[in-house]
Amino acid sequence: MLKIENLSVKIDDRDILKNFEISINDGEVHAIMGPNGTGKSTLSKVIMGSRDYDILSGKIIFNDEDISSLEVDERSRKGIFLSMQSPISIEGVTNSEFLRTALNARTNEPIGLFDFIKTMETSMKELDMKNDIVHKAINEGSSGGERKKNEVLQIKVLKPSFIILDEVDSGLDVDSLRVVCENINKYREENPKTSILIITHYPRILEYIKPDYVHMMVDGKIVKTGDYNFAFEIDKSGYTELVNE
Amino acid sequence: MLTLTVDNKDKLDDIIITEDTILNIKLDNCSEEINIDVMDNMCLEVFEIDDDTSNEINYNLRSNAQVIVNKLARDNSDVTTVNMSGENASIKYYSNMMNYRDNTYRFVVNHRANYTNSEVYNHCVNFADSEFKFLVDSNIDREAIECFSNQDNEIIDMGNGKNFISPNLIVDNDLINANHSAYIGKFKKDVIFYLQSRGLTEIDCDLLLIKGFLLGKMNLDEKLLEEYTNFIITNFK
Ligand SMILES: Nc1ncnc2c1ncn2[C@@H]1O[C@H](COP(=O)(O)OP(=O)(O)OP(=O)(O)O)[C@@H](O)[C@H]1O
Ligand SMILES: [Mg+2]
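From first to last, the protein sequence lines stand for chains A and F. If you read the first sequence in numbering that gives the first Met the number 0, its first letter stands for residue 0, the second for the next number, and so on. If you read the second sequence in numbering that gives the first Met the number 0, its first letter stands for residue 0, the second for the next number, and so on.
There's no promise every hint is true.
Stated by the list, open to error - Cut-off 25 Å, straight-line C-alpha distance, at most; resulting in silico cross-link-like pairs (SDA-like, lysine to any residue):
(1) 117(A) - 69(A)
(2) 117(A) - 188(A)
(3) 222(F) - 41(A)
(4) 222(F) - 188(A)
(5) 187(F) - 177(A)
(6) 129(A) - 46(F)
(7) 77(A) - 189(F)
(8) 10(F) - 46(F)
(9) 129(A) - 146(A)
(10) 91(F) - 69(A)
(11) 158(A) - 203(F)
(12) 185(A) - 102(A)
(13) 132(F) - 144(F)
(14) 58(A) - 189(F)
(15) 77(A) - 200(F)
(16) 135(A) - 84(A)
(17) 17(A) - 66(A)
(18) 132(F) - 200(F)
Stated by the list, open to error - Every beta carbon over 12 Å from chain A, so not counted as near; a handful from chain F, in silico:
(19) 196
(20) 203
(21) 212
No lab work stands behind these hints: they were computed from the structure. Note that the structure is predicted; figures quoted are calculated from it, not measured. Heads up, the beta-carbon is just placed ideally off N, CA and C, and yes, glycines get one too.
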């Protein structure tokens, strides 16, 4: 699904990612844990195609194609989705207009208004979301947790094949976290080839969405990889102790 | 509720509002003088779509008159003057421009009476390398106490235009509440990143953001929203 080779990235003359490597197969779930400022969100935005960063070297290969030179929207239409750490609000653009435009951008046949509203209503109900956000501006007046749910709503509607969840768990209360994870698991059941990269600070989300691999990222690269249990080891010992081992 | 329609096919007479009214204004390619006098206690809602005009539009608001103007225009060099001559008069004025050629839009609101209230939103998207100016004056007379005046001026530059905002508050007394703001710039990079990360093409993004910027503040029903949206799509290049 996704293979990153030798990726080095800097911003404002500071090296952030340093020869970063990862390989994620179809249907796999990977988790990345790492200290604040280590470059996790940078990685996710670079995969999505953000032009805020200077790519010094490396390749991003998605389904056997080098996507390094593709624009953000092209990557999205190929099936990559980034659930952002801090989703912004956008004045004047309603969720329904936005998502309908996004859906139509990825199909040849425009979706009818009726079918679209039905899809939205079903998905919002499954996520335990308030119905009235359809006609509201994107994330305007929404809390941190509500914004995270809106990201997951977009996953359900747009149906990507590779999903990056950048701290989707932060800001969600215990019940909401459970609901969000149940929705993601259901999505995986329905679309078993979907791969997921979970960026998190806490093992709790991984109890719901069980990863095949857990990577510890420090100072711009993966320094250690383990299985599911490694997340609890990180949680118990902390990064400093594990790095010094 | 009375509905009136004004266009520039016939000679324009002065308009006197003596009952609650919806006024539809559609003007193109003209340079006229239009006087609108809103009598005591009357409500007026205006829906105005203009193309290539340099009109002189004058509103006079008498006591307790309430006016909302929803204006969308392409290449506009109108001069609009609003006189708040009666106590408690209030106006919300939304001017939204699509600009391709050199234009100057001038807006003046004069608070002449106590407790008058004006909210002015001037938004422009400048598509070309041309010059666009917002000259906006809020004047509050010495005699007019406890007035509220707010102006919000924004220009989004889609090309390489020369853009200019002159927001002026000329206040002759202390017993008022007045604000103004001005912004000239592009759509924010993180907003475009967010929209594109969901698969929207650059053109989709621009169109969504322009529609939001020009229509977002106005209160349009479904039919009007469609009409205003079509005007934007037709003129979006
Ligand atoms: N747009 C930017 N401009 C300047 N510096 C940036 C920018 N984005 C990230 N950085 C810097 O790059 C480093 C890595 O940031 P990043 O957001 O990737 O960290 P992170 O691992 O996601 O941290 P956290 O766990 O706190 O979310 C930080 O030191 C940050 O200050
Ligand atoms: Mg982060």
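Straight-line alpha-carbon gap residue 91(F) to residue 69(A), limit 25 Å: Outside the cut-off at roughly 45 Å; violated.
Pair hint residue 222(F) and residue 188(A), alpha-carbon separation not exceeding 25 Å: Between residue 222(F) and residue 188(A) the Cα gap is close to 42 Å, so the pair fails against 25 Å, i.e. violated.
Restraint status (C-alpha distance of residue 17(A) to residue 66(A) at most 25 Å): At roughly 19 Å apart (the allowed maximum being 25 Å), residue 66(A) and residue 17(A) satisfy the hint.
Holds or violated: residue 222(F) to residue 41(A), with C-alpha atoms at most 25 Å apart: violated, 44 Å
Hint consistency between residue 135(A) and residue 84(A) [alpha-carbon to alpha-carbon, up to 25 Å]: Status holds; Cα separation ~21 Å.
Pair hint residue 58(A) and residue 189(F), alpha-carbon separation not exceeding 25 Å: Holds. Residue 58(A) to residue 189(F) sits at ~24 Å (cutoff 25 Å).
Restraint check for residue 132(F) with residue 200(F), where alpha carbons must lie at most 25 Å apart: violated, 30 Å
Satisfaction of hint between residue 46(F) and residue 10(F), Cα-Cα up to 25 Å: holds, 20 Å
Distance restraint between residue 129(A) and residue 146(A), which requires alpha-carbon spacing of 25 Å or less: Holds: residue 129(A) and residue 146(A) sit about 12 Å apart, inside 25 Å.
Hint consistency between residue 187(F) and residue 177(A) [alpha-carbon to alpha-carbon, up to 25 Å]: violated, 34 Å
Restraint check for residue 117(A) with residue 188(A), where alpha carbons must lie at most 25 Å apart: This hinted pair holds, its Cα atoms lying about 21 Å apart.
Pairwise hint evaluation, residue 46(F) against residue 129(A), where the allowed Cα distance is 25 Å at most: violated, 33 Å
The structure is inconsistent with the numbered hints 1, 3, 4, 5, 6, 10, 13, 18, 19, 20, 21, although it conforms to all the rest.
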